[in-house]
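**Q** Just so you know, the sequences run in chain order A and B. Residues 1 to 93 (the UniProt record's numbering) are what the first sequence spells out, left to right. Residues 1 to 119 (the UniProt record's numbering) are what the second sequence spells out, left to right.
Bear in mind the hints are in silico, worked out from the structure with no lab data behind them. Don't take every hint at face value.
Computed from the model, here is a short list of chain A residues facing chain B with C-beta under 10 Å [as the list claims (entries may be wrong)]:
| # | residue |
| --- | --- |
| 1 | Q19 |
| 2 | F51 |
| 3 | R59 |
| 4 | E71 |
| 5 | P78 |
| 6 | F79 |
| 7 | E85 |
No residue lacks a Cβ here, since even glycine has one placed at the ideal position from N, Cα and C.
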Amino acid sequence: MIKSELVQVIANRNPHLYQRDVEMIVNAIFDEITEALCESNRVELRGFGAFSVKNRPPRTGRNPRTGEAVEVSEKWVPFFKPGKELRERLNEA
Amino acid sequence: MSGKTLTRADLSEAVFRKIGLSRTESATLVEMVLEEVCETISSGEAVKISSFGSFLVRDKNERVGRNPKTGEEVPISPRKVTVFKPSNVLKERILEAHSRKNRADNDDTYVPAEVRAAE
Numbered sequence: 001m002i003k004s005e006l007v008q009v010i011a012n013r014n015p016h017l018y019q020r021d022v023e024m025i026v027n028a029i030f031d032e033i034t035e036a037l038c039e040s041n042r043v044e045l046r047g048f049g050a051f052s053v054k055n056r057p058p059r060t061g062r063n064p065r066t067g068e069a070v071e072v073s074e075k076w077v078p079f080f081k082p083g084k085e086l087r088e089r090l091n092e093a
Numbered sequence: 001m002s003g004k005t006l007t008r009a010d011l012s013e014a015v016f017r018k019i020g021l022s023r024t025e026s027a028t029l030v031e032m033v034l035e036e037v038c039e040t041i042s043s044g045e046a047v048k049i050s051s052f053g054s055f056l057v058r059d060k061n062e063r064v065g066r067n068p069k070t071g072e073e074v075p076i077s078p079r080k081v082t083v084f085k086p087s088n089v090l091k092e093r094i095l096e097a098h099s100r101k102n103r104a105d106n107d108d109t110y111v112p113a114e115v116r117a118a119e
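Kindly generate the complete structure, drawing on both the sequences and the hints.
**A** Structure follows, in structure tokens:
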């Protein structure tokens, strides 16, 4: 399922809303999560899961082809931990 | 880390603010969107949100685990797991926001590009 299909499903269930409004709603949700992560905040959605940012400290890596040492700078990466309900629902069948 | 945690209530508030539906309806729609994403993943289908990321379903084979407390071996049954693959756009936005903050924190003489442009 891609975003436009998600918008379509929600729009079909809400005939009083324009499809472009539903698109704005879906965008608002994912934009809000993105902004929270940019500020290092956690986003916890019970039943679904939690988004957070993990810090990867700088390290000395190696070019696997040449064996040459390279400095890898500090990184911040988004992380999603699925919630209990989602884990259970996925394994019900 | 600032340590703030956002919840459904914050997402509803954002929808209320940006779209101008009632607070009740905003909350209902946030719930509906999250439920639809959950439902699709639960059915084993991937959900791809462009410029955010993809929720993929992976099959895990049976393996032998160990109870860390007793050291006892226990079989872990085959299962499905959700993995989130962040999009490049999301990764870059987070990296950019953090490295900018980091530079500003470590260097008194550092002036962010927006401020320099305004001067």
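**Q** What are the numbers of the hints that this structure violates, sorted from low to high?
**A** Hints 1, 3, 4 are the ones this structure does not satisfy, whereas the remaining hints hold.
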